Amino acid sequence: MIDLQPYTPAESRVWDDFVSESRNATFLLKRGYMDYHADRFEDASLIARDAHGHILALLPACREGDTLYSHRGLTYGGWLLPPRRCDALDMLEITDALIAHMRAQDINRLVYKPIPHIYHHRPAEEDLYALVRAGAQLTSANVSSVIDLVNPLPFDQGSRQRARKAVNMGVTLGPSDDWDGFWAILTQLLNDRYESAPVHTLDEIKLLAARFPDNIRLHTATLDGELLAGVVIYDTGLVAHSQYTAASPRGKELSVLPALYQHLVEAYTPGHRYFDFGTSNEDGGREVNPGLLRQKCSYGARAILYPTFALTLS
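Residue numbering for the sequence shown follows the numbering used here, beginning at 288 and increasing consecutively.
Keep in mind that a hint or two might mislead.
[Stated by the list, open to error] In silico lysine-lysine, DSBU-like type, Cα no more than 35 Å apart, as pairs:
1) Lys452 - Lys539
2) Lys452 - Lys493
3) Lys539 - Lys493
No lab work stands behind these hints: they were computed from the structure. Computed from a prediction, not measured in an experiment: that's the story for all the values here.
Please put together the full structure from these sequences, using the hints given.
Below, the structure written as structure tokens:
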């Protein structure tokens, strides 16, 4: 018997403790990260307990109209599972309980973004099995470029040459606190290229970096004190993920990104399994940015999927 109850702020510590021990969760699923934009989303997160009151799984979620999203404000969501318990049979029961909960709340559709497998500390795809059995369909897939740090492919010759050239010029590579300078470069780049803005404001990324100093770090390339490029790394412990990347016009001219990424891959190889450059898609995965994808592949990265599933109740 599964007891499915809405999450309340009073359970934030219980939630975070479970996330810390989960076999597939990352720091993005902690309440300190999820709730920074709580004013934009109607939280509809759920806690699944067994007959003895023990937590079997958590679902980070928000609601818009008659649709439940897991989670619209996050790169990924899905059921968060404990280190040992909650097998496929349990997940079938949890899915049945979720469907019953949706019907009771007049929710007709579930949009579900599972945590990609590279972020799992142990296998944790029971949710996908249960969803497909319930009739969920794959509705979109973004392609992300990833280096397996245990068995890496080398940077291609051109990228290695550009990296050497930047280092020989005296470019300095390393951690930085110049969030203001990097955000100015990033904002200008996104506005010029896509007429868009970063998902996070400068104040938001500073807030999150202060809340998660061991997980969110800025690394930059500078020359004679001039900021040329930067990469924001989200470090989950298992995966180093490139959340934001940008170079100034001079940084592009001097081709400093290969050197910065070579530095980052070397820096994060100890203690990590994957380096994730992120997705290269537009229009919900229907379009791919060929230049961006090929650039990441030139660093030795190859594809994994960030899928989205939808379940519509009949």
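*Violated hints, by number in ascending order, as checked against the structure*: No hint contradicted; all consistent.
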